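From first to last, the protein sequence lines are chains Y and P. When you number the first sequence by the working numbering, it's gap-free, plus one each residue, and the end is 422. When you number the second sequence by the working numbering, it's gap-free, plus one each residue, and the end is 1291.
In case anyone wonders, no lab produced these hints; they're calculated from the structure. Owing to the predicted nature of the structure, the values given are computational and were not obtained by experimental measurement. Don't be surprised by glycine CBs; every beta carbon is placed ideally from N, CA and C. It is possible that part of the hints are untrue.
[Unchecked claim] FRET-style restraints, in silico, Cβ to Cβ:
(1) Pro395/Y / Arg1240/P: 30 to 40 Å
(2) Leu1005/P / Lys107/Y: 31 to 41 Å
(3) Lys376/Y / Tyr1270/P: 43 to 53 Å
(4) Ile1137/P / Arg158/Y: 52 to 62 Å
(5) Ile1137/P / Leu199/Y: 19 to 29 Å
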Amino acid sequence: MSRAGLRVFAILFGALLVSAACGGTGTVAPTATAGGGGAITQGPPIKFGGNVAQTGPNAIFSQQFTDGYNFYKDTINAKGGLLVGNQRRPVELVFYDDKSDPTTGAKLTEKLITEDKVDFIWGSNSSALNFAASVIAEKYQRPMVIGGGGAADNIYDRGFKYVFTMMAAAGEYIDPVLDLAATITPKPQTVAILSTNDLFPVASADGAKKRAEALGMKVVYYEKYPINVQDLTTPIAQVKALNPDILIVSGYTGEQILAMKQMKEQRYMPKMIGMPNGPLAKDWATTLGKDGDYVIYPVQWTQAMTWKDPLWGGSQEYGKQYQAKYGRVPQYFEVQASTALEILGLGIEKCSCVDPVKVRDAIAGLNLELASGPLKFNANGRNATVAQAAYQVLPENPLAVVFPVANATGKLVYPIPAWDKR
Amino acid sequence: MDGLLLVQILLNGLLLGGLYALVAAGFSLVWGVLNIVNVSHGAFMMLGGYITYFLFARTGLDPFLSVPISMLVMFVAGYLLQRYVLNLIARAPTFSTITITYGLLMLIANLALIIWGADYRAAQPEYSGASVEIAGILLPPVRIAMFGIALAITFGLARFMSSTDIGRAITATRMDLVAAQLSGVNVARIFAVTFGIGGALAAVAGSLYSAAYAFSPYLAYAVLGKMFVVVVLAGLGNIRGLLLGGIVLGLAETFGALAFGPGLQNAISYLVLIAILIVRPTGLSGKAFLQ
């Protein structure tokens, strides 16, 4: 009896495993995507390649990145490709899934260069992945432009010459919230900062502290809590007692949701709340509903921006064309992925060659506006002219641009109404 | 320091303690009776959370009303798991049980990730996040209800163990397995029932958690450390001591965060664990830790 029961249980359990595994898998990584167009080109294709973490913990925005890369390829090829000498050469993309593993990512980058003969590389979805993969690009002297996870400073602190990004540094992520606050009269005077004690959130929080002080605000509270914290009632009670004008919670979505829930329990609402990441995730609305309203979240880009772009025309045109093709509003993930490849293409056209060393020099000297924003690289390969934006979750529009003020699509709500006045 | 703030933090610590006691109840029972350190307890709790969440999201059922349903489902799951899987290692050393239940934890948590994704979810009824103000102190009803249920469960379970046939059989089995067998107790069944009760208690914790907080499959891992601390504080298998253990941990965390900063919140939990094991290995209320 018990043996038979065991067998039944084992079979059921096995079936559950199999069905879960089959039902849950995402798309399979295309290993080589053939170049589109082709008919109107005179020269052979140029290969761009790189990793996208399509599985593992960094996979969350992989579709956005993949679409962003393909959107560049399709757009440039529709124009006949890149102009090199007197030839039009289409762009071909080679994708690999690094499974969110830095070692795998580095190996695949080597494979791209040595086996697939790819000379122009893009970055994967997270800083850790790019930290490892960029070592290979540097070693083989292949220009690598990071438009995915490129915020961590340690990628650019190693004196590498071939690694570039247009992205903001982690320490700059929260700047738009504070820059927005500085435009309000009377100007907010005091700031409290709570941060997850983890590399990226702390780098952002440290940057926020610096920015607030530079803007003449006083940081009255700055504490870090452990990752995956279960309770934030004490820091919230402390912040409530200090009553700062602005509260910044730098961290991950789960902890920011917890902070909002426990702030409501303690009936605490400052005049302004800034939270990077959280409200951009779809969990924000599903777990908090209207309790998640009025939070301001900094982003690196919105399609309300008015930057000019040599390929798409500008930020808004990029947004419209992207939406027409993919049916959703692009965020900074997509535009940075697309412009990473655009930067490689611009380097190739500028030197009118495909020699990776010369293309690298051409990229280093770029100084222009792209759909993603103004671009000029410093000696470390970082963008010295980062310009960011901020959304506010408004009841009628969760993606209301409130910063830069000139590009606003919604009216900033400040101070935020108290919990019982909504 | 404002007196009102201290009272509020005291209250917050008490309510957090109720949650911890609730989370640890089934874990303590199973460890005490079966000598199985069921590391997968958090996974059962997480599943209870999903049951409540889906009942709420699909049918609008109030999270508190879904508790009996999630209890029943997880009782059956726990019963079957013990009867047909864990029973095979009933005589194995404790380390083997930790290893196998840890495997189970990862299996369930990863299946949940594949099926439901890493998205956070919460059963968010209208009253979620509400609070009542009394003399300047804020009392959130959902968490007070959780505390009340933790209180009812710890005392109800202690009473169940001492005054029902099944409860006495469980107690007898814990005290002396061979003697219980000689007295006609069906030990295999008692083990399965105990594990089922453990699952049902995990489900209560998960269901209520989903009404007060947001959770994802990672909840299965997040509560693991706290369960150990509460059980050590309470004394192994000591059901009545659980609430005390939970409250001590909750207060240590909230006041610890006040005194040393929230960054040390988790470190304080484990400091309490180590201190108790050195100073009072039998737990706060004095029952032998490992017989």
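Exercise. When you take the CB atoms of Lys376/Y and Tyr1270/P, is the distance between them in 43 to 53 Å?
Worked result: Since the Cβ atoms of Lys376/Y and Tyr1270/P sit about 49 Å apart, the hinted range of 43 to 53 Å holds.
Exercise. For the pair Ile1137/P and Arg158/Y, does the Cβ-Cβ distance stay inside 52 to 62 Å?
Worked result: Holds: the Cβ-Cβ distance is about 54 Å, inside 52 to 62 Å.
Exercise. So the hint says 31 to 41 Å: do the beta-carbon atoms of Leu1005/P and Lys107/Y match that?
Worked result: At roughly 54 Å between Cβ atoms, Lys107/Y and Leu1005/P fall outside 31 to 41 Å, so the hint is violated.
Problem set entry | Distance restraint hint 30 to 40 Å, applied to the beta-carbon atoms of Pro395/Y and Arg1240/P | Roughly 48 Å apart at Cβ, these two residues miss the hinted range, so it is violated.
Problem set entry | Ile1137/P versus Leu199/Y beta-carbon gap, inside 19 to 29 Å or not | violated (38 Å)
This entry does not satisfy hints 1, 2, 5, going by the numbered hints stated previously.
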